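Start from the sequences, fold in the hints, and give me the full structure.
2 protein chains.
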Amino acid sequence: MDRITAHYLIETPYKLEDAAAVLAGEQSSGTFVTVPGETETLKKRFAARVEGIEELESITHPSIPGDIHNSKFKRAKVSVSWSVENFQANIPTLISTLQGNLYELRQFTGLKLDDFDLPKWYEGKFRGPAFGSEKTKNLANVKPGRPMIGTIIKPSIGMSPEETAKLVKELIEAGIDFIKDDELMASSANSPFERRVKLIMNEINRFEQKTGKKVMYAFNISGDYDTLKRNYDTIVENQGTCAMLSINSVGWTAVKAIADRGELSIHGHRNGWGMINRHPMLGINFPAYAKLWRLAGVDQLHVNGIRNKFWESDQSVIRSIKSCTSSFLGLKDLLPVVSSGQWGGQAFDTYKFTNTTNLLYMAGGGIMAHPSEPAGGVKALKQAWENAVVGKTLEETAKENKEFRESVEKFGGNAKR
Amino acid sequence: MDRITAHYLIETPYKLEDAAAVLAGEQSSGTFVTVPGETETLKKRFAARVEGIEELESITHPSIPGDIHNSKFKRAKVSVSWSVENFQANIPTLISTLQGNLYELRQFTGLKLDDFDLPKWYEGKFRGPAFGSEKTKNLANVKPGRPMIGTIIKPSIGMSPEETAKLVKELIEAGIDFIKDDELMASSANSPFERRVKLIMNEINRFEQKTGKKVMYAFNISGDYDTLKRNYDTIVENQGTCAMLSINSVGWTAVKAIADRGELSIHGHRNGWGMINRHPMLGINFPAYAKLWRLAGVDQLHVNGIRNKFWESDQSVIRSIKSCTSSFLGLKDLLPVVSSGQWGGQAFDTYKFTNTTNLLYMAGGGIMAHPSEPAGGVKALKQAWENAVVGKTLEETAKENKEFRESVEKFGGNAKR
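In the order they appear, the protein sequences are chains A and B.
Under my numbering, think of the first position of the first sequence as 1, with each following residue one higher.
Under my numbering, think of the first position of the second sequence as 1, with each following residue one higher.
These are calculated hints, taken from the structure and not from any lab test.
Hints may be right or wrong, so weigh each one.
Because identical chains share one entry, a pair is satisfied inside a single copy or across any pair of copies.
Each computed EDC-like pair below joins lysine to aspartate or glutamate, with the alpha-carbon atoms no more than 20 Å apart [to be verified]: (1) K74 <-> E57; (2) K125 <-> D114; (3) K125 <-> D226; (4) K143 <-> D18; (5) K166 <-> E194; (6) K120 <-> E396.
No experiment lies behind these values; they were computed from the predicted model shown.
In structure tokens:
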């Protein structure tokens with residue numbers, strides 16, 4: 001029978017084999033005492049199976065509170081598998097199994113879901129992203145060979161629809177491909193969702209009629225279920241092309257229900273991600289996380305950026321970008337949303353390490369605070385990418401391009417860590 | 001204007017005032033450079049405000065990776081407030097603000113949302129639990145003065161609907177109030193949801209007709225949105241009284257949409273909780289978590305149990321039980337679901353520390369593996385609670401009650417840590 005395999009990083013004061021067996025037992029047919037119905041036939045069909053244990057380093061301090069009867073804690077990679085018979089095509093139940101009560105087990109002083117593999121049985125069971133990277137770029141008339149260039153409305157919250165639409169007009173004319181609401185902004189007292197959509201889409205549609213270029217705007221539709229549906233409809237009615245969701249706050253089931261409609265590219269904002277990822281030995285890593293949201297039908301997923309303003313390492317960001325584009329059940333890829341402290345200088349390393357332009361590359365302050373206004377900021381980002389793709393260096397690009405040179409002068413210092 | 005106040009535990013190598021200011025800036029109108037639109041008027045209305053800082057201990061090792069330019073890390077309680085104008089009644093956006101990108105800030109080496117307060121403005125905006133503890137107990141004909149006594153179908157997964165119904169019949173006749181699916185079981189290959197509900201409700205309805213006692217069964221409806229709705233309907237059609245959801249896996253928006261229907265008591269299973277809570281300096285604490293699910297309309301929420309089989313301390317479990325019953329916007333309370341390694345022996349301390357019988361007290365192995373069969377297990381739990389409430393000790397109760405004495409003999413040893 002087809003099996004699902006999950007890959008964990010574990011840390012435990014117990015023998016690795018024993019700890020892995022506890023994990024498998026807790027997440028399938030076992031409990032703390034033997035119960036009558038747990039027959040051999042049932043176990044064979046439904047019990048989780050430990051597929052592999054690869055011992056890593058040992059440490060002397062436990063990462064998280066647990067059963068500390070020892071002063072040595074072993075780390076390992078452990079793979080565990082389940083039959084698809086346990087779940088069928090029910091992803092919330094798969095989530096509850098792969099990342100459920102196992103985090104409560106005191107036999108572990110560290111536990112992180114790194115990745116999982118689904119068998120062929122799942123092919124065709126989920127549509128996944130309706131647009132993926134290619135169709136999302138097409139919606140905004142972005143040609144292959146360069147990333148979509150985007151920005152975020154700042155200040156994050158507080159501007160009226162009129163003020164926002166004015167800024168949008170300026171950004172459109174500056175040559176931007178993509179603009180988004182901040183995740184803090186859904187429908188505030190002075191910026192009701194419907195009015196914001198109407199005024200912003202007026203600007204976008206007018207520019208499209210004039211030039212043929214349709215800028216994508218990700219409106220933050222996050223809210224309760226009726227709000228999600230109503231806001232989605234509002235975007236469609238106003239000829240928008242994209243809806244943004246705070247996916248962790250809204251949750252898997254409602255995100256999938258909205259993505260299933262398939263009329264808009266879904267921008268998945270991962271705010272709250274630090275809660276479940278920041279500790280190296282607790283929570284979930286991006287490869288597993290990205291697969292869950294790809295199954296739900298998200299098209300665009302945040303991955304942070306090289307030399308970002310947050311805590312995440314470049315190595316981790318690169319791994320995330322690769323996760324978005326790796327093959328998975330024949331589904332369309334996710335468009336990685338690169339952001340946080342980006343201004344164009346990171347384009348060179350981003351391209352060098354990922355070798356892809358299927359990206360949404362976003363700069364907030366890097367565009368808005370550019371010395372030659374937003375138009376200069378957008379130009380600088382495009383110059384950076386055009387040159388990165390043909391193998392030029394940051395220094396060469398700065399020498400030959402005025403706007404990019406201005407970016408380096410303004411942001412080059414404090415963006416390096 | 002009415003303000004929402006969030007209370008955090010923080011850890012930082014920076015000056016506490018500076019770190020708190022970064023948090024407030026990131027979660028409202030700020031970004032990494034000053035942008036043109038951030039006027040004083042806008043800031044006054046929409047910016048987050050640091051309301052208080054209470055310094056705690058300092059440590060020499062950072063809890064989570066961050067900006068480590070120092071060898072001293074200060075801990076503090078920090079309160080931050082926002083105007084309701086930023087959110088209106090939109091809880092996913094409130095979640096994205098209170099527990100969003102702030103977990104990414106490298107200025108912190110620890111950050112945990114402990115609790116939050118909502119102003120009067122929110123009164124009447126949310127129905128909250130449709131049943132709460134009292135009406136949920138009423139649905140199962142449980143009189144005031146004792147907890148609901150419940151159990152979990154074990155093995156968690158693998159039994160057919162016929163086998164499960166047979167076990168349910170046995171448990172009903174043993175005098176149980178409440179039975180639930182395991183969170184690993186939604187609709188497996190050999191136990192399709194609809195057939196399971198039909199056969200189990202047959203037993204429950206037949207017993208009700210005979211005795212007037214309606215046992216509550218929490219069917220795990222977790223799945224995508226269509227599955228949730230269909231499964232909910234199936235329970236209603238078969239005269240069930242309760243639906244279970246893996247709330248973290250399904251997510252806030254869909255849980256609220258289903259709870260809004262108000263025909264069934266909602267059993268909120270918190271599997272995955274360890275991911276966001278287990279580290280003492282990362283994630284969220286139960287008081288904040290319980291409020292979010294109470295707003296969504298969950299009626300019953302898992303809190304673990306005293307001397308549980310997991311890692312959580314008794315002190316933390318007691319705080320969680322109190323969170324469920326504390327007053328909040330005039331909403332009904334949450335029925336705390338006490339479980340994990342419970343067998344009745346913990347009734348005495350549970351009552352002593354919480355002074356409430358508005359509990360769902362669940363034992364799995366503690367009932368199923370009782371020497372006098374499940375009937376003995378249920379009797380033992382009832383004896384434990386009847387005696388705990390009148391102030392008797394475990395020892396006195398064991399002396400005077402055969403079934404409870406058998407529990408002490410079987411489980412008393414390994415249940416103590």
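> Quick check: which numbered hints come out false for this structure?
Replying inline: Failing hints, ascending: 2, 4, 6.
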